[in-house]
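Chemist: Spelled out, the chains give:
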Amino acid sequence: MSPNTTRNRLFLVASLALVPLLVFAACKDDKKTPSATSTPQATSAPTSAGATPPDVSGVPELQDGKLTIGSDIAYAPMEFFQPGTETPDGLDVALANAIGEYLGIEIEFVNSGFDGLIAALNTNDFDAVMSAMTINPERQQEVDFVPYLNVGTGILVEAGNPNTIQGLEDLCGLTVAVQLGTIQETMVRTQSDACTDAIDVVTFDTNPLAVEDLKTAGSDANLADYPVAYLDAQESDGALEVLSTQLEPAPYGVALRKDSDELQAILEQALQALVSSGEYEQILADWDLESAALPRD
Amino acid sequence: MIANVLLEIRFDWGTVADYLFDPIIIRALRETMVIASLAMVVGIVLGTVLGVMRVSRNPVANVAAGLYVWFWRATPVVLQLLILYFGLRQVIENDLFRDNWTRWRAAVITFGLNEAAYMAEIVRAGIGSVEPGQMDAAKSLGMTQLQALRRVILPQALRIMVPPTGNEFIAMLKNTSVAFAIGVVELLNAAKIQSARNFKIMELYTVAAFWYLVVVSAFSLLQAELERMLAAGERERPETLLSRAMSVMGGSRGI
Chain A
1 MSPNTTRNRL
11 FLVASLALVP
21 LLVFAACKDD
31 KKTPSATSTP
41 QATSAPTSAG
51 ATPPDVSGVP
61 ELQDGKLTIG
71 SDIAYAPMEF
81 FQPGTETPDG
91 LDVALANAIG
101 EYLGIEIEFV
111 NSGFDGLIAA
121 LNTNDFDAVM
131 SAMTINPERQ
141 QEVDFVPYLN
151 VGTGILVEAG
161 NPNTIQGLED
171 LCGLTVAVQL
181 GTIQETMVRT
191 QSDACTDAID
201 VVTFDTNPLA
211 VEDLKTAGSD
221 ANLADYPVAY
231 LDAQESDGAL
241 EVLSTQLEPA
251 PYGVALRKDS
261 DELQAILEQA
271 LQALVSSGEY
281 EQILADWDLE
291 SAALPRD
Chain B
1 MIANVLLEIR
11 FDWGTVADYL
21 FDPIIIRALR
31 ETMVIASLAM
41 VVGIVLGTVL
51 GVMRVSRNPV
61 ANVAAGLYVW
71 FWRATPVVLQ
81 LLILYFGLRQ
91 VIENDLFRDN
101 WTRWRAAVIT
111 FGLNEAAYMA
121 EIVRAGIGSV
131 EPGQMDAAKS
141 LGMTQLQALR
151 RVILPQALRI
161 MVPPTGNEFI
171 AMLKNTSVAF
181 AIGVVELLNA
191 AKIQSARNFK
201 IMELYTVAAF
211 WYLVVVSAFS
221 LLQAELERML
231 AAGERERPET
241 LLSRAMSVMG
251 GSRGI
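Chains as they are written, first to last, in this note's numbering: chain A, 1 to 297; chain B, 1 to 255.
No lab work stands behind these hints: they were computed from the structure. All C-beta atoms in this analysis are idealised placements derived from N, C-alpha and C, irrespective of residue type, glycine included. There's no promise every hint is true.
Said to hold, decoys possible - Here are some chain B residues pointing at chain A (derived, C-beta under 8 Å): (1) 86; (2) 98; (3) 100; (4) 103; (5) 104; (6) 105; (7) 109; (8) 137; (9) 139; (10) 180; (11) 196; (12) 201.
What the hints assert, rightly or not - Some chain A residues flagged as far from chain B (calculated, every beta-carbon gap over 10 Å): (13) 9; (14) 167; (15) 203; (16) 283; (17) 294.
Given only the sequences and the hints, what does the whole structure look like? Please build it.
Modeler: Structure (structure tokens):
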């Protein structure tokens, strides 16, 4: 083979390798994906929330007219991507959008792994975390919270509950799948220490993987926030069931950096306005979670 | 400005010290080494067979091995893990299978099968590096095919194959961390799990980095010695840390 043909062949191979690149470049043009951005329908005038909205000009995080919220968007019905899209949806998203609408600001959700959310918040990756995050003392050492929902833990098991699990104690000696960094992980590990026959705690980066593990009989139970476990059972075509007992109901909070005092005050005010106007209750009803409303004081 | 940044560094050496020899971390380190070693054995054995198939003149063997290498090299290993663990467990609803196809075994087998594809290429290159005329020469001296392989071809091919195989093992040691996708906890993820509880991210990743450095460095020294051993017949044997140290201490003129 002459050097010339070799060069031609090389050129041909190189051009072939470029084909996928060109295909992707072409695709990019006709589909503009603003990724995980969701803008409330009307960014200007507050609608149903009544009363004049508070002035956000004194809040450093909102100077750009936008609140960036970190969330692990794989936790339906609290936060998830609408099937086949990159549009976040769920109760947390609806509530955040209502707050944004009331304050006249844009809401942007950023998808991020749950176990790294607090660290990312504290390194300014976003200005708030709304990710079905239960308020607990360990987290309160790192961040401040604005409570907005009251939810317990649900135990998800194979339909028919073959291990006759009634509560945490019955998990001793079994394999339990949980998401890394959740209060359920702590709950199960604490219980395991109290067991004579320890619990095999298997952790996953996302909760759907933990549920998959239960479905494929890799583990005997999955613990997650009750609304999530409830929905997983509903969507399992009868393969899974959630036990009726809710463990340790506790408030969810919007997590904020310790120095975000102005933002905290304004979010509390916005939430209060949504409760007064009935919009809060309506959003909860939209997701069948009226029972999770914060106790009114 | 820079002084301010330095003043605001919060790094807790105490946490690093607490976790460096923590039983959870040490157990996870052992897990990493065991999974990587077993998978490497699977990879070398299967990879050698595939490598020989790749150079064979039998078209069926040749194409089969080629397809195998193509599949395992063209898909990410984490996808292979998900398919071989969750995927298989979902489609095979047999209790006996599910009881035996544990996440740990799935991890070892997946890493092993994946490694075999890379090892096949290394073996192929190794065999290809020895001139075919040498086999004829050895036979003309009265050696059988097997004797020729063992005494003439393999010693030369091995010399070519050992350095990339060592590199593969080092890569394997680090890549086992993706087994977390199916719930296997090795070094990196043991550290990650601890940091998710106490938020000491930098500290625990430092602990993990320390152990990776220790294990990989120790193995690299071993690898260098092995390469030196295999180069016994060469005029210029590669220097290793050990050979250099010995020549310095022994006061010899070196090699």
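Chemist: Would you list, in rising numerical order, the hints stated earlier that this structure does not obey?
Modeler: Numbers 3, 5, 6, 7, 8, 9, 15, in rising order.
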